[in-house]
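Chemist: Chain by chain, the residues:
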Amino acid sequence: MPMRRSHVQTTLNGEEIDFLCEPRQSLLEVLRDELGLTGTKEGCNNGNCGACSVILNGRVTNACCVLGVEAEGASVVTIEGVAEGDRLHPLQQAFLEEAALQCGVCTPGFIVAAKALLDAEPNPDEGRVRHWLAGNLCRCTGYDKIVRAVLKASDAQEVTA
Amino acid sequence: MKEIDYLAPASLDEAYAALQNGKTSAFLAGGTDIIVQLREGRKQVDQLIDVKHIPELMRYGWTDGGGLAIGASVPFAEIYEDAEIARRLPCLIDCATLVGGIQIQSRACFGGNIGNSGPAADTVPALIALGATLTLGSREGTRELPLEAFFTGPGQNVLAPGELIVTVNVPPQPARSGAFFHRFIPRNEMDIAVVNVGARLELDAAGERIAGARVSVGAVAPTPLFVEEAGAALVGQAPGEEAFARAADAAAAAARPITDMRGSIAQRVHLTRVLTVRALRRALERAREA
Ligand SMILES: Cc1cc2nc3c(=O)[nH]c(=O)nc-3n(C[C@H](O)[C@H](O)[C@H](O)COP(=O)(O)OP(=O)(O)OC[C@H]3O[C@@H](n4cnc5c(N)ncnc54)[C@H](O)[C@@H]3O)c2cc1C
Ligand code: FES
Ligand code: FES
Chain A
1 MPMRRSHVQT TLNGEEIDFL CEPRQSLLEV LRDELGLTGT KEGCNNGNCG
51 ACSVILNGRV TNACCVLGVE AEGASVVTIE GVAEGDRLHP LQQAFLEEAA
101 LQCGVCTPGF IVAAKALLDA EPNPDEGRVR HWLAGNLCRC TGYDKIVRAV
151 LKASDAQEVT A
Chain B
1001 MKEIDYLAPA SLDEAYAALQ NGKTSAFLAG GTDIIVQLRE GRKQVDQLID
1051 VKHIPELMRY GWTDGGGLAI GASVPFAEIY EDAEIARRLP CLIDCATLVG
1101 GIQIQSRACF GGNIGNSGPA ADTVPALIAL GATLTLGSRE GTRELPLEAF
1151 FTGPGQNVLA PGELIVTVNV PPQPARSGAF FHRFIPRNEM DIAVVNVGAR
1201 LELDAAGERI AGARVSVGAV APTPLFVEEA GAALVGQAPG EEAFARAADA
1251 AAAAARPITD MRGSIAQRVH LTRVLTVRAL RRALERAREA
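Sequence order for the protein chains is A and B. Each residue of the first sequence is one higher than the one before, starting from 1 at the first, in our numbering. Each residue of the second sequence is one higher than the one before, starting from 1001 at the first, in our numbering.
Same shape as in the complex, but just chain B:
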């Protein structure tokens, strides 16, 4: 690794000041992406800003309305060890327990997974399905935006210089709703998704029709996709295989994958369909239990 400065601001204001010192920066959260990228020369910056001493980024809690605000740097292990999160937002556990192995989960976090902005990032389709937003902070103040509006390309996002992710906000979930995330990888653990899918289903009061749905697919385009057409295909329908197949067609139509060492275009389109149907089935089970 080339020589680098290390800063560990103890507050957001200190972090914003560090971002104004004229040097190029990256943030250091769990380090599981950035340290490797810097060492391998895939990225170069003058300074690393360790964000793990900023209180707002290291805590999480339920909001009055029943949403969950997660500090950007809270390690995944802390999230999935929380029994109440597991009970109320099992879809978050689906993704948090899949990122790397235990050594990675001890340090890696949502802010890092999102900040790295990889097309296959595993927490993103889960969070988009849950309707998550980001709170971005800078010296000028904060702004909130839907997670799906954050990504602009592989490794690229709308973060302005001087800005960082403060919290990832999971809004209160609709009544009678359930969400599920999963991915396809060639082995059981520790690999990058060939395709990953998050889905949320919301039932009407009678439990007979779908009142709302969100589907997100990763690793099939330069950025994770929020497939609104898949949700639209489900609304008003009876929950079941026929409706799920139509949503899967919409997801497959939105996919623009490439062929690489992990999978071909044809396989990825096929997987998009299969994983979407299966995610919807599991989301339905969870909605019925809710």
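The shape of chain A in the complex, shown without the other chains:
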């Protein structure tokens, strides 16, 4: 039986694109398998780990709990859209400087989730950062370095702003 594929038009990292996908495919599968954007990671595939975090219509969410067809008419930002050309986002810079990653599988999700926080609240305190990132799991770092990196990036943003 031929697969029924739907035509979807969306804005991905600021660019208007269209793609074909099956209704059962998650946005995560579409990003990785159809569009070749493998920066968004699959950890649990059930909403618990945050490795697949993307910003959908301005809110951070798990791409494994969204269908690709739901992206119709929406705006999606993935980790690939966080840097500006060759210039790293302050969060990416801070993650490097603070060594806030080991294996790196969780890192895109943390950075996308943290970006959504700093976009909404430029000066979160440590408690706020930890609370916001409760939906992102990391098996390697013990979280302290990640939290430090996010706080550093928020300071850096303030200086450049």
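FYI, nobody ran anything at the bench for these hints, they're computed from the structure. For each residue, glycine too, the CB sits at the ideal point set by N, CA and C. Errors might be hidden in some of the hints.
[Stated by the list, open to error] Only some residues are given here: those of chain A computed to face chain B with a beta carbon under 7 Å:
| hint | residue |
| --- | --- |
| 1 | 20 |
| 2 | 43 |
| 3 | 46 |
| 4 | 47 |
| 5 | 53 |
| 6 | 61 |
| 7 | 62 |
| 8 | 65 |
| 9 | 82 |
| 10 | 83 |
| 11 | 132 |
| 12 | 135 |
| 13 | 139 |
Guided by the hints, dock chain B with the ligands onto chain A, whose structure is given.
Modeler: This is chain B with the ligands only, laid out in the frame that chain A set:
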């Protein structure tokens, strides 16, 4: 996930029509329950009906009498970011901020939490304490029922084929009343409740006696419980530890929990008592501030 159809009706009429096409359906709101269940094969349907393009389900507003009508699919984040809701109905914020982490709250909603009908659903005891009702719609029209009358078993409810939840209605709250919701989980965030409790207290004009009370407990029975005996034990009493202990006994007596990986029967009964007392204390504080 097995092959599936996806429909995105733009109106209630289109949604009702989609429900009549002979296929088995589930609704897609935030997708945080249903997408995972379909992928893991715990549920199978022919079509997913995305309800997020139906205007009535995506808006919320205050009624003339001072109640709040919440479209079934409004994401939790939109609710708890509203300063007026936070001021007037803090108990709603208690539960909405506890469901999952920020990624979940961006999409998940009351309609999904209720529609999924899990015994531990966190928004349900809070909403029952507040006296919430549901407006259900179908091609035949709408009907309204108390939230506590909606659930019939784990994952089961009274929704007829062809029907969906349109709004969750929080009625105007009594004067001098306050409500509070909390839960016990083994960690600070992101877990399913071992027990959760919502409670509302209403004081008399002098502030010396309890004029009305509602207590609801989740995760201790096949459905969330509305414990009328706990409310009855409080009415007419002076608000305080003695009355709260009696209400807690009533809640514990109503609990019919099971032992599972999250907790034993004994622990759940104990938690029911402890959480009920603590919820009543906080509800009292809020009633006094009201
Ligand atoms: C990581 C993670 C953490 C979670 N943490 C919690 C938690 O702390 N507390 C908690 O209670 N839950 C939790 N959940 C479960 C889930 O997020 C909630 O139940 C949520 O409210 C579901 O809403 P949704 O919009 O995503 O529902 P969906 O998955 O879209 O739908 C759920 C069900 O409701 C039905 N439905 C949806 N809309 C309607 C409607 N308008 N009318 C009738 N039926 C409808 C659907 O058919 C489906 O069966 C968690 C889930 C995940 C993945
Ligand atoms: S892969 Fe989506 S939350 Fe884990
Ligand atoms: S760096 Fe390995 S999971 Fe976070």
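Chemist: Taking the earlier hints as the rules, which of them does this structure contradict?
Modeler: Hints 1, 2, 9, 10, 13 not satisfied by this model.
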